[in-house]
Amino acid sequence: MKNRDISLMIGKVKFNFRVGIIIEYDGKVLIVPETDIISERQYAAKDKVVMALIPNGVKKISKNAFLNCTSLKTVIVPDTVSVIEEYAFLNCKNLEKIKIPILIESIEKLSFSNCGLEKIEIPTSVKYIRSGAFEMCV
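Take the sequence shown: its position 79, counting from 1, is numbered 354 in our numbering, and each next residue is one higher.
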């Protein structure tokens, strides 16, 4: 795995990060390391994280990967992700923004249930939306 630096603007403040390790800046920003798969429950219950940045190359977000991340507001998902398993973002009550990647063909059951999603763009690649995928969203 090769480390590289990236910059991120949050408000008027610029942050510099090194990708390749898990970083939580002040417990609020999570930068996922370069990998193929985000494992089951890997980031579950990180209740201070407000933004998660998933790098290019990630292909799968497993079950319960971000379960109960109650402060999470924004997730940046690259178009390399082709699978978001069930319950992946279950109970992320403050999740307002997520872009569904263009390779996704199915939005699995309860994957975004009990989230605060106000608007979501579903790409034309999606053929199935499983039961309760957006249940109890605002």
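Hints are supplied without guarantee of correctness; some may be wrong.
Below are the DMTMM-like pairs computed for lysine to aspartate or glutamate, each with C-alpha atoms no more than 25 Å apart in a straight line [stated by the list, open to error]:
1. Lys303 x Glu380
2. Lys374 x Glu393
3. Lys338 x Asp322
4. Lys338 x Glu360
5. Lys323 x Glu380
6. Lys368 x Glu315
7. Lys402 x Asp322
8. Lys374 x Asp311
9. Lys323 x Glu410
10. Lys368 x Glu393
11. Lys338 x Glu380
Taking CB as the label site, the calculated pair distances span [said to hold, decoys possible]:
12. Val413 x Pro308: 29 to 35 Å
13. Asp322 x Ser400: 20 to 26 Å
14. Lys374 x Met411: 27 to 33 Å
15. Ile377 x Arg405: 14 to 20 Å
16. Tyr403 x Asn331: 33 to 39 Å
17. Glu396 x Lys368: 30 to 36 Å
18. Glu371 x Ala320: 29 to 35 Å
Derived from the structure by calculation, the hints contain no laboratory data. Note that the Cβ used here is the ideal one computed from N, Cα and C, for glycine as well.
Hints versus structure:
1. Lys303 x Glu380: 31 Å, violated
2. Lys374 x Glu393: 12 Å, holds
3. Lys338 x Asp322: Since the Cα atoms of Lys338 and Asp322 sit roughly 17 Å apart, the hinted pair holds (cutoff 25 Å).
4. Lys338 x Glu360: 5 Å, holds
5. Lys323 x Glu380: Violated - the C-alpha atoms of Glu380 and Lys323 are around 31 Å apart, more than 25 Å.
6. Lys368 x Glu315: 19 Å, holds
7. Lys402 x Asp322: Between Lys402 and Asp322 the Cα gap is close to 32 Å, so the pair fails against 25 Å, i.e. violated.
8. Lys374 x Asp311: Holds, at roughly 19 Å.
9. Lys323 x Glu410: Judged against 25 Å, a Cα distance of about 23 Å means the pair holds.
10. Lys368 x Glu393: 11 Å, holds
11. Lys338 x Glu380: Holds, at roughly 16 Å.
12. Val413 x Pro308: 29 to 35 Å: 31 Å, holds
13. Asp322 x Ser400: 20 to 26 Å: 32 Å, violated
14. Lys374 x Met411: 27 to 33 Å: Once the Cβ atoms are compared, 21 Å apart, the range 27 to 33 Å for Met411 and Lys374 is violated.
15. Ile377 x Arg405: 14 to 20 Å: Cβ of Ile377 to Cβ of Arg405: about 19 Å, so the range 14 to 20 Å holds.
16. Tyr403 x Asn331: 33 to 39 Å: 25 Å, violated
17. Glu396 x Lys368: 30 to 36 Å: The hint (30 to 36 Å, Cβ to Cβ) is violated, given that Glu396 and Lys368 are roughly 21 Å apart.
18. Glu371 x Ala320: 29 to 35 Å: 19 Å, violated
Consistency with the previously given hints fails for numbers 1, 5, 7, 13, 14, 16, 17, 18, ordered from lowest to highest.
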